[in-house]
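Going line by line, the protein sequences match chains A and B.
Using this note's numbering, the letters of the first sequence map in sequence onto residues 1 to 247.
Using this note's numbering, the letters of the second sequence map in sequence onto residues 1 to 245.
Just so you know, the hints here were simulated from the structure itself, not pulled from any lab data.
Each residue gets a CB set at the ideal place from its N, CA and C atoms; glycine is no exception.
Warning: the hint list may mix true and false statements.
So these bits of chain B aren't anywhere near chain A, every CB distance computed over 12 Å [claimed, not checked]:
1. Gly32
2. Asp57
3. Lys80
4. Lys147
5. Leu150
6. Pro154
7. Glu156
8. Asp171
9. Arg195
10. Gln217
Subject to a maximum C-alpha distance of 20 Å in a straight line, what follows is the list of computed DMTMM-like cross-link-like pairs (lysine to aspartate or glutamate) [said to hold, decoys possible]:
11. A/Lys141 <-> A/Asp122
12. A/Lys198 <-> B/Asp42
13. B/Lys58 <-> A/Glu96
14. B/Lys70 <-> A/Asp64
15. B/Lys95 <-> B/Asp146
16. A/Lys117 <-> A/Glu66
17. B/Lys58 <-> B/Asp104
18. A/Lys141 <-> A/Asp168
19. B/Lys202 <-> B/Asp57
20. A/Lys198 <-> A/Asp188
21. B/Lys65 <-> A/Glu73
22. B/Lys80 <-> B/Asp49
23. A/Lys117 <-> A/Asp64
24. B/Lys65 <-> B/Asp104
25. B/Lys58 <-> A/Glu73
26. B/Lys80 <-> A/Glu79
27. B/Lys95 <-> A/Glu79
28. B/Lys70 <-> A/Glu96
29. A/Lys44 <-> B/Glu212
30. A/Lys155 <-> B/Asp49
31. B/Lys65 <-> A/Asp64
32. A/Lys76 <-> B/Asp49
33. B/Lys80 <-> A/Asp188
34. B/Lys65 <-> A/Asp168
35. B/Lys80 <-> B/Glu54
36. A/Lys44 <-> A/Glu235
37. A/Lys155 <-> B/Asp42
38. A/Lys44 <-> B/Asp215
39. B/Lys80 <-> A/Glu96
40. B/Lys80 <-> A/Asp64
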Amino acid sequence: MKTQKIKRWLRFCHYWLGTIVGIQLLIWLGTGIYFNITPSEDLKGTHYYRSIAPLDLTAFSSHDLEPLSSILERFKPMEQVSTIVLINQPVYLLDEQVQRYQHDCQQQVLVDAYSGKEVLIDADLAESIALQSYTGAGEIKSHRQLSTSFKEWPKECNPLWQVSISDDLNTRIYINGINGRLVGHKNDHTDLADLMFKLHFMDYLHQGSFNNPFSWVFGLMMLLLSLSGVYWVIENLVLKRYRFKFE
Amino acid sequence: MNSRKTLKKVSSAQFVHRWLMLLLAIPIFIWGLTGSYFVLMDIGFIRSDHIVIERADKIRASAVKYPIAKVYQSFPEARKITLTVINTQLIYQVKLTDQSLLIDAASGQQLAAISKSQAEQISQSFQHQQSISPTAQIQFIGLLNDKTPLEQLPSELAARHLPVWRVVFDDIGQSTLYISAQTGEVVTRRHEYWRLFDLFWKWHIMDYDDGEAIDNQLLFYTAIASFIAVFAGGLLVWQRRKRYS
């Protein structure tokens, strides 16, 4: 009979898809449970994190601001200029091409809004910005300038400063080397969380994305596995196989 | 004796897999379906990274006639000031604590809120090849503000952005731009594939109300039970290796 053949073939598929996808399916469920029970501050590394305060207006003297017209003349044409705060000082952020995401390659220049001088994010400045964002009790252990392929920020296109703190969580604070933006904190909690994300997203090539060939293939196989399973459950229901007898 | 037999039966991989999957087959299928959608649809496309302004104008230094210092003196409580070009006009966007406004960077005049025709013009600058199709027409344009009844506010727009112009195109994705009436910025955008992504996300994390709580109990118990059911399935793979090889 034809339907018997199809049924046998579906079971065959279910068996072999289960064999191939099984381990990854347990990984998906296990990491999913981890995300479910882990506090978001552990996932995001915000244990000792505070966002940077806006400009302190009491200490700000708007009379001394350098006019933008004279500053803009000295640089390439810009799309946008905004006022930002670096270590309680007003700074102009000149943007040659506005990007959608902070991790995109930024074409920006910082200019001190009082003196009109260009500001470079050096080690001292990076350390001060890092400390401003840190609420823990640790102290700065070391700093490092990173230029390409960041293990902890796979999508980041800009050079970064890494400021390491000696505390119970081994906090690392990352500062964008172009505009001084606080990229984020990493610590022992995020080491585990990032590994879990990597396993859940099958990001085994370290692209920082779940749009990868492993997920495509395993996602589709998982879909077929579950569909054949749903069929099997319906078949069991129709054939009244769900009967429980005490023997 | 009988109870021991029953215990042996209910603890067998076959029994656990079959009975748990009676309840879990559908949730597991939903995880597979939604997860496949997430990984197969490029996240950049979903977040409409391709919907960008065709060509942003550069600032001419000589056009900045009104100094930024004066803007700060008029609005000492300003949290952030941005100099930018909107519809070829050079302006300062002044962000105050709970609202924003626009100042003409040439004259220093405060500008009226973005009008319907300005919002239309801004949205059309997002229409070009690879972005919202140049042939798409604006199907609907309307102002949402704090007087708009709550049930008419789309859930895809955060209330802090109000007042906002909602511009809907008639392209295949029903692309929608939300343009701040105070600053002229595109604050949020959506299309149908993104809306489906948002819906699937709620299903994926089994949070059927607002779709933000990953730490919900339903997800926890369903995932634990699924782990056991799948593990039993794994044992069955081994037990039945001869039947299927």
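Verification of the supplied hints:
1. At roughly 4 Å from the closest C-beta of chain A, the C-beta of B/Gly32 falls inside 12 Å, breaking its exclusion from the interface.
2. Here B/Asp57 does not stay apart from chain A, with its beta-carbon only about 7 Å from theirs, under the 12 Å limit.
3. Distance check on B/Lys80: its Cβ comes as close as 6 Å (rounded) to a Cβ of chain A, failing to clear the 12 Å threshold; non-interface status is violated.
4. Even its closest Cβ contact with chain A, about 29 Å, leaves B/Lys147 beyond 12 Å, as expected for a residue assigned away from the interface.
5. With a cut of 12 Å on Cβ distances, B/Leu150 stays outside the contact zone with chain A, its closest approach being about 27 Å.
6. The beta carbon of B/Pro154 is kept farther than 12 Å from every beta carbon of chain A, the shortest such distance being approximately 21 Å.
7. For B/Glu156, the non-interface assignment is confirmed: its Cβ lies about 18 Å from the closest Cβ of chain A, beyond the 12 Å cut-off.
8. Even its closest Cβ contact with chain A, about 20 Å, leaves B/Asp171 beyond 12 Å, as expected for a residue assigned away from the interface.
9. Listed as outside the interface, B/Arg195 is consistent with that label: its C-beta sits roughly 19 Å from the nearest C-beta of chain A, beyond the 12 Å cut-off.
10. Distance to chain A contradicts B/Gln217 as a non-interface residue, since its nearest Cβ pair spans about 9 Å, not more than 12 Å.
11. Taking the CA atoms of A/Lys141 and A/Asp122, the gap is near 17 Å; set against the 20 Å cutoff, the hint holds.
12. Restraint check: the Cα-Cα separation between A/Lys198 and B/Asp42 comes to about 17 Å, which is no more than 20 Å; the hinted pair holds.
13. With a CA separation close to 8 Å, the supplied pair B/Lys58 and A/Glu96 stays within the 20 Å bound.
14. Of the pairs offered as hints, the one joining B/Lys70 and A/Asp64 holds, with about 11 Å between alpha carbons and a cut-off of 20 Å not exceeded.
15. Taken as a hint, the B/Lys95 and B/Asp146 pair is honoured in the structure, with Cα atoms around 18 Å apart against an allowance of 20 Å.
16. Simply put, A/Lys117 and A/Glu66 have alpha-carbon atoms about 10 Å apart, close enough for the 20 Å limit, and the pair holds.
17. With a C-alpha separation of about 16 Å, the suggested pairing of B/Lys58 with B/Asp104 holds against the 20 Å cut-off.
18. A distance of roughly 13 Å separates the Cα atoms of A/Lys141 and A/Asp168; the hinted pair therefore holds under the 20 Å criterion.
19. A threshold of 20 Å between alpha carbons decides the hint, and for B/Lys202 with B/Asp57 the separation of about 39 Å lies outside it, so the pair is violated.
20. Pair hint A/Lys198 plus A/Asp188 holds up; C-alpha atoms about 16 Å apart against a cutoff of 20 Å.
21. Restraint check for B/Lys65 and A/Glu73: the C-alpha separation of about 13 Å stays at or below 20 Å, so the hint holds.
22. Between the alpha carbons of B/Lys80 and B/Asp49 the distance comes to roughly 25 Å, so the proposed pair goes past 20 Å and is violated.
23. Proximity of A/Lys117 to A/Asp64 is assessed by CA-CA distance (about 13 Å); at most 20 Å being required, the pair is judged to hold.
24. Of the pairs offered as hints, the one joining B/Lys65 and B/Asp104 holds, with about 9 Å between alpha carbons and a cut-off of 20 Å not exceeded.
25. At most 20 Å may separate the alpha-carbon atoms for a hinted pair to count; B/Lys58 and A/Glu73 meet this at roughly 12 Å.
26. A distance of roughly 17 Å separates the Cα atoms of B/Lys80 and A/Glu79; the hinted pair therefore holds under the 20 Å criterion.
27. With a C-alpha separation of about 18 Å, the suggested pairing of B/Lys95 with A/Glu79 holds against the 20 Å cut-off.
28. With a CA separation close to 24 Å, the supplied pair B/Lys70 and A/Glu96 exceeds the 20 Å bound.
29. A threshold of 20 Å between alpha carbons decides the hint, and for A/Lys44 with B/Glu212 the separation of about 15 Å falls inside it, so the pair holds.
30. As the CA atoms of A/Lys155 and B/Asp49 are separated by approximately 15 Å, the hinted pair is consistent with the 20 Å bound.
31. Taking the CA atoms of B/Lys65 and A/Asp64, the gap is about 17 Å. The hint holds against a cut of 20 Å.
32. Restraint check for A/Lys76 and B/Asp49: the C-alpha separation of about 26 Å exceeds 20 Å, so the hint is violated.
33. For the given pair, B/Lys80 sits about 35 Å from A/Asp188 by alpha-carbon distance, which is inconsistent with the 20 Å threshold.
34. With a C-alpha separation of about 53 Å, the suggested pair B/Lys65 and A/Asp168 falls outside the 20 Å cut-off, and the hint is violated.
35. For the proposed pair B/Lys80 and B/Glu54, the alpha carbon gap of about 26 Å is over 20 Å, so the pair is violated.
36. For a cut-off of 20 Å, the pair hint linking A/Lys44 to A/Glu235 is broken: about 45 Å separates their Cα positions.
37. Between A/Lys155 and B/Asp42, the direct Cα distance comes to roughly 15 Å. Compliance with the 20 Å bound is thereby established for this hinted pair.
38. Under the criterion of a C-alpha separation no larger than 20 Å, the hint pairing A/Lys44 with B/Asp215 is consistent with the structure, at around 15 Å.
39. Straight-line distance between C-alpha atoms of B/Lys80 and A/Glu96 comes to about 19 Å, which keeps the hinted pair within the 20 Å bound.
40. Note on B/Lys80 and A/Asp64: the hinted pairing holds, with a Cα-Cα distance of about 17 Å set against a maximum of 20 Å.
Of the numbered hints stated above, those contradicted by the structure are hints 1, 2, 3, 10, 19, 22, 28, 32, 33, 34, 35, 36, listed in ascending order.
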